[in-house]
Each structure stands twice: as structure tokens, then as C-alpha cells.
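Engineer: Take the sequences, apply the hints, and build the full model.
Next come the chains, spelled out residue by residue.
Protein chains: 2
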Amino acid sequence: MSKAMLLPELTDHGVMSIHKIDARNQFGLSNQVNVAGELPLTVEVDGVVLVTLMTLGTQPEKLVLGYLRNQTLFDSLDQIKSVSVDWGKNLASVVTLNGDGLKDVDLNNRTVTTGCGQGTVLSCTLDKLYDHRVVKAPIRQSDIYRVLGSIQSFNRAYRAAGSVHGCGLYKDGQVVAFIEDVGRHNAMDTIAGEMWLEDIKGENSFFYTTGRLTSEIVMKAALMGISVLISRNGTTHMGQELAEELGITLISRAKSRQFIAFNAENIIFDEKPE
Amino acid sequence: MSKAMLLPELTDHGVMSIHKIDARNQFGLSNQVNVAGELPLTVEVDGVVLVTLMTLGTQPEKLVLGYLRNQTLFDSLDQIKSVSVDWGKNLASVVTLNGDGLKDVDLNNRTVTTGCGQGTVLSCTLDKLYDHRVVKAPIRQSDIYRVLGSIQSFNRAYRAAGSVHGCGLYKDGQVVAFIEDVGRHNAMDTIAGEMWLEDIKGENSFFYTTGRLTSEIVMKAALMGISVLISRNGTTHMGQELAEELGITLISRAKSRQFIAFNAENIIFDEKPE
Numbered sequence: 008m009s010k011a012m013l014l015p016e017l018t019d020h021g022v023m024s025i026h027k028i029d030a031r032n033q034f035g036l037s038n039q040v041n042v043a044g045e046l047p048l049t050v051e052v053d054g055v056v057l058v059t060l061m062t063l064g065t066q067p068e069k070l071v072l073g074y075l076r077n078q079t080l081f082d083s084l085d086q087i088k089s090v091s092v093d094w095g096k097n098l099a100s101v102v103t104l105n106g107d108g109l110k111d112v113d114l115n116n117r118t119v120t121t122g123c124g125q126g127t128v129l130s131c132t133l134d135k136l137y138d139h140r141v142v143k144a145p146i147r148q149s150d151i152y153r154v155l156g157s158i159q160s161f162n163r164a165y166r167a168a169g170s171v172h173g174c175g176l177y178k179d180g181q182v183v184a185f186i187e188d189v190g191r192h193n194a195m196d197t198i199a200g201e202m203w204l205e206d207i208k209g210e211n212s213f214f215y216t217t218g219r220l221t222s223e224i225v226m227k228a229a230l231m232g233i234s235v236l237i238s239r240n241g242t243t244h245m246g247q248e249l250a251e252e253l254g255i256t257l258i259s260r261a262k263s264r265q266f267i268a269f270n271a272e273n274i275i276f277d278e279k280p281e
Numbered sequence: 008m009s010k011a012m013l014l015p016e017l018t019d020h021g022v023m024s025i026h027k028i029d030a031r032n033q034f035g036l037s038n039q040v041n042v043a044g045e046l047p048l049t050v051e052v053d054g055v056v057l058v059t060l061m062t063l064g065t066q067p068e069k070l071v072l073g074y075l076r077n078q079t080l081f082d083s084l085d086q087i088k089s090v091s092v093d094w095g096k097n098l099a100s101v102v103t104l105n106g107d108g109l110k111d112v113d114l115n116n117r118t119v120t121t122g123c124g125q126g127t128v129l130s131c132t133l134d135k136l137y138d139h140r141v142v143k144a145p146i147r148q149s150d151i152y153r154v155l156g157s158i159q160s161f162n163r164a165y166r167a168a169g170s171v172h173g174c175g176l177y178k179d180g181q182v183v184a185f186i187e188d189v190g191r192h193n194a195m196d197t198i199a200g201e202m203w204l205e206d207i208k209g210e211n212s213f214f215y216t217t218g219r220l221t222s223e224i225v226m227k228a229a230l231m232g233i234s235v236l237i238s239r240n241g242t243t244h245m246g247q248e249l250a251e252e253l254g255i256t257l258i259s260r261a262k263s264r265q266f267i268a269f270n271a272e273n274i275i276f277d278e279k280p281e
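If you're matching them up, the sequences are chains A and B in order. Each residue of the first sequence is one higher than the one before, starting from 8 at the first, in the working numbering. Each residue of the second sequence is one higher than the one before, starting from 8 at the first, in the working numbering.
Not one of these hints is a red herring.
If chains are identical, the list can't say which one is meant, so a pair holds when it fits in one copy or spans any two.
Cut-off 20 angstroms, straight-line C-alpha distance, at most; resulting in silico cross-link-like pairs (SDA-like, lysine to any residue):
(1) Lys262 with Gly169
(2) Lys96 with Glu248
(3) Lys279 with Arg31
(4) Lys143 with Arg31
(5) Lys27 with Ala271
(6) Lys262 with Asn240
(7) Lys178 with Ala271
(8) Lys96 with Leu46
(9) Lys143 with Asn32
(10) Lys262 with Tyr165
(11) Lys279 with Ser37
(12) Lys208 with Phe185
(13) Lys208 with His139
(14) Lys279 with Gly180
(15) Lys208 with Leu230
(16) Lys27 with Ser37
Everything labelled a hint here was simulated from the structure, so no lab data went into it. These numbers come from a predicted model, not from an experiment.
Structural biologist: Laid out in C-alpha cells, this is it:
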């Protein structure tokens, strides 16, 4: 993205919807518990419905941008004039520069995936994927631990209500962006939206997610130029195979000092536990 | 389903794909770890592609039937002549009795959800949902504990490799069906397929899932006639609201003797912990 490029106009209609709901526990006692919001947000491009995402809603404009980017529906941010979110209508209206919508997209050819989260990849994504092989760089174990040590300060909705996923982008062990959403795909797409807007490249960064490292998460990492995925959860066989082909290192089951790493020959073990 | 009805012809091409993959742990040591398979399965109806599901693959024919049922694409099982799974082509071919496919389905109007799992609901589902309000029945706490006590005997893939979801259908505290898949939606749909085939009604049954109780899981429960959902995980606000409207009791955070129940006025607390 060149510095002279006009950024899309965005509304700023994020919400943080934690609800207090009556519940009963195993002793039969009534109490109020926090429950995370899950809001439908229908995305229209030049007035044509593309998809409805279910989201916590904290950064809906970036979610929409990142969704469009990770579905490879736009090549460049300057093709998008504006994104306006209206929770009264549960609608995100995307207006393109030319006003001619997504004319080349075959919406009938979608892959529905295992993902926690939005779980749909338009098939065109797969064709473009191998243009996005990432460059493997050395990974310090001490940086993995810096990432893991920082998460507790960012997962606000999780600590309040549980049942949400968190994702973070880290450079030099420092958080660049952190987002929570009811689906791990939405959280990842929202960070993709922020990276697109702020012109943040994925090189030399780590991506942390609370969700599993399935094939689609690995695909999104490749599209975002990210070569290190860290998860407190596991991977699937297709996630691992795809990561190997694309040059992505997977740090799975990462909790406290433990992890199980795949495609791990570039890890420098500089902080082995006793 | 009348007893005279012809059941669809099904292949029996289930696979249990656990892979041994080289990995490195936090000590830098190489070892082999089990990773769950994640296989693409493209569903065609009368030769027209409907969707690609990512699945562990243990009961693909029932998965396809349950997917079709929970998307409310067929009213009756006798409209389906056969389901043939061919892993060589990653293809499930559905042949309808009349051979005229899904002519009334608008594939462009899909909702992509928060779900772990397939996460897409064709919008027609929502219109039909309120025909499926369930009848609330008393729930014994002791039956909840019988369900929770039984799970360990069924979650084979989870114990071998992790990173899969499990779902079980229980009547009188006994398991009727249990299935694991990489996505919680696939697992639930596979049980829906089995219920359809075996003419098992959802009344007076409990449905256990390891996944979160999001809106779409609650919708599927209603379609399957199930009025009690138990999860070791939490719920979202939309999941809880929809459950309240549809008459479904949610037993969330159910682990060992603990739980947090919503829409819980029908629980009989006959086995309170000390």
C-alpha cells in the first residue's frame, strides 16, 4: 500500500456486549452469570448480500475488511470506498470505488470448514494460496514464552464471560493487535483488517490464537504473510500438512512452558525449561 | 417415517484417520505425536456441488444425511435415493428420487456462523425454525451426571489426538449415539443423520456436546426435537436467548459435578453435591 493511498471511510461502531443472565448452578441456586454477545452482521457489497457473520462486535469494520481480504475478494484497499456498520439493521455496507460490486465472484462455490468461527472459504482463495508461501525465519523459544506470558492482559471478554476466542499479532515479543470474538475466524480476520488498514506486514511476526490450527487458519496465516502460529490448542493433519507446504511453523498446545511444535527446525531452543 | 419407507442406499466408507507426525517439544526433543485427520468431503446433489465439509470422516454418509436434514433441504428421507462416498475423489454423491436436485434452494443466501464446525446455515432454516418449538420436560440432575460420567468411554479420537469435538445423544441416561469430528457441527449433524435413518425422535433425550452452545447449535437442537443441551463449554447470548424462545434448557460448563444451567426451571435437583 502506498502512503498516498486513500483509506476507506469507516464508521466506528464497535460494541462490547457482555450480558448478565439468570442461571442456576449444581446446588440449585439462582445467580447471574456473564454471557458473551453474539450478533449477526450481514455484509453487503454495493447493496448485494455477501454473507452474515456472527460476531461479538468489538471491531466490526475491521472484521469486514479482514473478511474481504482473507477471502481474497479485493486486491487492494483502494478498491473499497467505505464500510458502514449499522447495528439497528445488523448491517455492514461496503461501497466499492467503482460501485460495481463483486462481479467475478462465484458465491456458489464455497468450502465450509471445521473452523470455530466463520468457517467459509470461497474457493478462489485456494487458487491464490500458493502465491503466499512464507519465508521461514529463526524463532526464539524465549519469544514464544514472551507471547504466552502477555495474553492474560488482553483477553477481557474471555475473563468476563468465557466462550470467546482471542487472537494476537506480535512483533519482537510485543503485542501489535489483540482481538476477541465468538469465532476464532472472526478474530483472525479482524486482525487481518487492522494489518491491511495500518499497512502492517506479517513478516517476522508471531500470530497467537486460542483456537485450533485447522487448515483454514493456516491458509489465512499464509494470506497474511505470517510464518509462526501459536495456539494453546492442537492442530489437525491437514493444518499441519498445509503449514509444511507453505513454510509455516506451528507451535501447538502452548500453555505455560509447554508446547508441541511442527515444522520446527527453525526454532532456537534458548530457554529450555529445567 | 413409516416402517414401509425405503431407506436410502448408503456406502459404508467411514475412516478413522489419526496420523503420527514428527514434532518437537519445549525441551527441543523430537517425538511423534498423534494428529487428527481433517478430510475435505464435497457434497453433490444430483451432480450439483452443494458444499465442501471438512471432516474426520468416521461416518461420512450419516454426516451428509444429517447435514441435508439440519439445513432443511429435504422434508423426508424417501426423497433421497442414495448417498455414495468416494474418498478417492473426496466426494459424497447424493442422488434424489426424482433426480431433480435442490431446485428451490437459494445457495447465495447463507449465514456463516460462529460455529466450530461447518458453520453455515442456509437462510431457509430460520424460516422453518419456529415450527420446531420443543416441549419442556422435567430434567433430573442425576441424569445429567449419568451423561457426564459416561463420556470418557466414547471419545476415542479425542483421547488419541485431541483437537476434535464429541457429541452424544442420550435417552434415560444411556448413550444412543456418540460421534467425534473435527467440527462440532459435523458431529451434531452426523447424529441427526443417524436419528433420521433409525427413526429416533429427540423427545426425552439429552444432547451432549464438547463445543460451545452458540445460536446455531441451539437451532439444530430444535430441528432435531431435542430440549436439553449439555456442554462442558459455555453459551453465547444469542444461544441462550434462542434456547429460551424455543423451550430448550442449556446445561453449560458441565464438568464433573459442576454446571451452569439456563432456562432451568424444569431441573429437579435430586443429586446436589455436598
